[in-house]
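Undergrad: Chain residues, written in single-letter form:
2 protein chains.
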Amino acid sequence: MTANGDNIKVKPHLLTVSLEPENQETPVHFINEAITPEDLFFKRNHFSYPTASQIPQSIRIDGFVRRNVDLSLQTLRSLPAKSLVVPLECAGNRRALFDPGVYGVRWQRGAMSQAEWKGVSLIHLLRLAGVKEGAKEVVFEGADSGEYKGKRRAYRRSLPLDKALHPDTIVAYDMNRRPIPLKHGYPFRLIVPGWYAMASVKWLQKITVIPDTFEGPFQTDDYVYYPHPESDDGKLPVTFMKVNSLIQYPIDYSVLEKGVHVIKGWAWTGEGTVNRVEVSLDGARTWKSARIRQDASQPYSVAMWTYQWHAVQEGEYTIHCRATNSIGQSQPVQPKWNRLGYGYNGIACVRVKVG
Amino acid sequence: MTANGDNIKVKPHLLTVSLEPENQETPVHFINEAITPEDLFFKRNHFSYPTASQIPQSIRIDGFVRRNVDLSLQTLRSLPAKSLVVPLECAGNRRALFDPGVYGVRWQRGAMSQAEWKGVSLIHLLRLAGVKEGAKEVVFEGADSGEYKGKRRAYRRSLPLDKALHPDTIVAYDMNRRPIPLKHGYPFRLIVPGWYAMASVKWLQKITVIPDTFEGPFQTDDYVYYPHPESDDGKLPVTFMKVNSLIQYPIDYSVLEKGVHVIKGWAWTGEGTVNRVEVSLDGARTWKSARIRQDASQPYSVAMWTYQWHAVQEGEYTIHCRATNSIGQSQPVQPKWNRLGYGYNGIACVRVKVG
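Residue numbers (UniProt numbering), protein chains in the order written: chain F, 1 to 355; chain H, 1 to 355.
Since the hints were derived computationally from the structure, they do not count as laboratory data.
Do not rely on the hints blindly, as some may be mistaken.
Because identical chains share one entry, a pair is satisfied inside a single copy or across any pair of copies.
Claimed, not checked - Subject to a maximum C-alpha distance of 30 Å in a straight line, what follows is the list of computed DSBU-like cross-link-like pairs (lysine-lysine):
1. Lys118 <-> Lys11
2. Lys264 <-> Lys336
3. Lys132 <-> Lys82
4. Lys118 <-> Lys136
5. Lys11 <-> Lys336
6. Lys149 <-> Lys235
7. Lys183 <-> Lys9
8. Lys151 <-> Lys136
9. Lys163 <-> Lys82
10. Lys11 <-> Lys183
11. Lys258 <-> Lys149
12. Lys163 <-> Lys9
13. Lys235 <-> Lys11
14. Lys206 <-> Lys9
15. Lys136 <-> Lys163
16. Lys353 <-> Lys235
17. Lys288 <-> Lys11
18. Lys151 <-> Lys264
19. Lys163 <-> Lys206
Keep in mind it's a predicted model, so treat the numbers as computed, not measured.
If we strip away everything but chain F, and leave its shape as in the complex, we get (with noise of 0.2 Å):
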């Protein structure tokens, strides 16, 4: 089937979440593109958007460094730019998959898009400000804020320096070829490839090095593995995004015809890059070779993938599809459990019905 009624419109929308904060996931099953639309970009909010008078004007770089530097929106432009096609996906991403339950925000599996962002790497605007010897970590704050635990709270992220002066963190500007939009970060927006989402802090306001380690609840309390129910032992923060891959089509539950179906998907990595993808039409049995189409120009960029099936024979089909980076790490038939519900990265899965 394809042809619609001549000018009548069907176009998938995000899927809400919540609305106080916004929280809306992308359909990730019904987007074609290896670039997510602007309006189908999934948004992530801790806080109320901030305030027309609360959007940046500039960025302030201050803390352990040898001079406290601002930059203007066209100071940032006039800088040597560099493009990266990178996805990001919330640390939360398929929080609803974990057995047994666990609370917060529950995504589903859209809690992820991909974007070209352009901007300046952050270690050339670091180095305007002087880093000073001893600086250990970077603290990113956006102007979004509010009531969080008891107290008013800005949302403030740190990267270990390491982490911050690699070329591509970059201040990003553009989205998509445009000014980034108001909800998803407009002027300036910290993107951190390869890490989950947490860290490419929106309306990017103060940069500040620091001696030391930051502490604050979106970097001590969430966003930290807890492998345990109660207890806090065994804690770890969240940083790469896990090897993780998604199955587009089929849906799961579908009724399909005999012949022949293309299966299709994508597949990330925040570690190495992406080597294969794997199918399984016995019920992760056998595995089978998928076919990964990716713009070699961007190794952070979402792989897609592709898998020919013949059905040929009627009847009930659980199909599997698992992710491998470069790195040797593969998708785990069971995601580690974590009391927050972060890095889920189980083996995809559909279950069809042929004929």
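Dock chain H against the given chain F, drawing on the hints supplied.
TA: Just chain H now, kept in the frame of chain F:
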């Protein structure tokens, strides 16, 4: 939290289930009004939308009648009208909640919405044509058609004569006081209060009175309860909506602050009226009555219920809700499983953590 950025609009969206044909859910957890706004009304289609040239100019009444009649929109609007607030619920609403899983369009909880429908009682129109003695059913044909089970077909459904002649079975032309939008059946839609929405045929173009029993795939294959996984034993047609309810607030697996929370939701029924909604906060051991708000002049309309909860103790809670109608039917703990996944009306349930 209330205030969003000065001029930043935050709104819920339809939840996309499939695009060809278009199937989209209402974000039922985020609708505060009794009437669903037009752009958030759920969409359920078996085929592509009719093209502009296929949109009916009039309705033909024929078959087992004394005279064939053609009714234009203008004629219809000149006849005595009635306005009814009626929720429409897809028979497959909540299909995704059945365990074991069933195949078909994977509706969560939002394949239902409520509108005010205005139109003419069908009995009035049938009188114009003169139903012959011995008539048994009335068949309704929509202008939507396509390939289905190996043949090109229009969407057709029938009603037994007594239901067709019920004064509240109407041919509607207005939805929420404006012409029915194209995607919801413009210019004419049959509205069958109390029945699942497959009976409320969109783009209605033909009404045929027959002296026997109508057969067609949407009548005898689909929209049938098959209680057994393999055999067709004990099959029953889908007709009235079962008594049902929904918890809108709180959201499943959310974290709440200690204090007073107004648990709220909807309840509805296809037979009788909702006369009790109960809430349990101790895992369905004890139940307390919720307060019901319903427009007494609109007996089909959704009952909006609230229950004030003093959450004084930190901890995890399971909130259940069950509705009972005036003929003594209550929602079951375990809804009746059936092969195609219709009529899910299990007790609603959300888990929350306080503190």
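Undergrad: So, for every hint listed, does it hold in this structure?
TA: Hint check:
1. Lys118 <-> Lys11: Both ways: Lys118 and Lys11 sit 28 Å apart in one copy and 28 Å across, limit 30 Å.
2. Lys264 <-> Lys336: within (25 Å within a copy, 34 Å between copies)
3. Lys132 <-> Lys82: within (26 Å within a copy, 78 Å between copies)
4. Lys118 <-> Lys136: For Lys118 and Lys136, the Cα distance is within 30 Å only inside one copy (26 Å; across copies 69 Å).
5. Lys11 <-> Lys336: This pair counts as neither: shortest intra-copy Cα distance 35 Å, inter-copy 34 Å.
6. Lys149 <-> Lys235: The answer is within: 20 Å in one copy meets 30 Å, while 55 Å across copies does not.
7. Lys183 <-> Lys9: So Lys183 and Lys9 pass the 30 Å test inside a copy (25 Å) and across (10 Å) alike.
8. Lys151 <-> Lys136: Close inside one copy (26 Å), not across copies (70 Å); limit 30 Å.
9. Lys163 <-> Lys82: So Lys163 and Lys82 pass the 30 Å test inside one copy only (17 Å; across, 67 Å).
10. Lys11 <-> Lys183: Intra 21 Å, inter 13 Å, cutoff 30 Å: intra and inter.
11. Lys258 <-> Lys149: between (55 Å within a copy, 12 Å between copies)
12. Lys163 <-> Lys9: neither (44 Å within a copy, 35 Å between copies)
13. Lys235 <-> Lys11: Answer is neither; intra-copy 42 Å and inter-copy 36 Å both fail.
14. Lys206 <-> Lys9: between (43 Å within a copy, 26 Å between copies)
15. Lys136 <-> Lys163: Result: close within a single copy only, 11 Å intra versus 76 Å inter.
16. Lys353 <-> Lys235: between (42 Å within a copy, 21 Å between copies)
17. Lys288 <-> Lys11: Classified as neither: same-chain Cα gap 33 Å, cross-chain 43 Å, threshold 30 Å.
18. Lys151 <-> Lys264: Result: close only across copies, 29 Å inter versus 46 Å intra.
19. Lys163 <-> Lys206: within (17 Å within a copy, 68 Å between copies)
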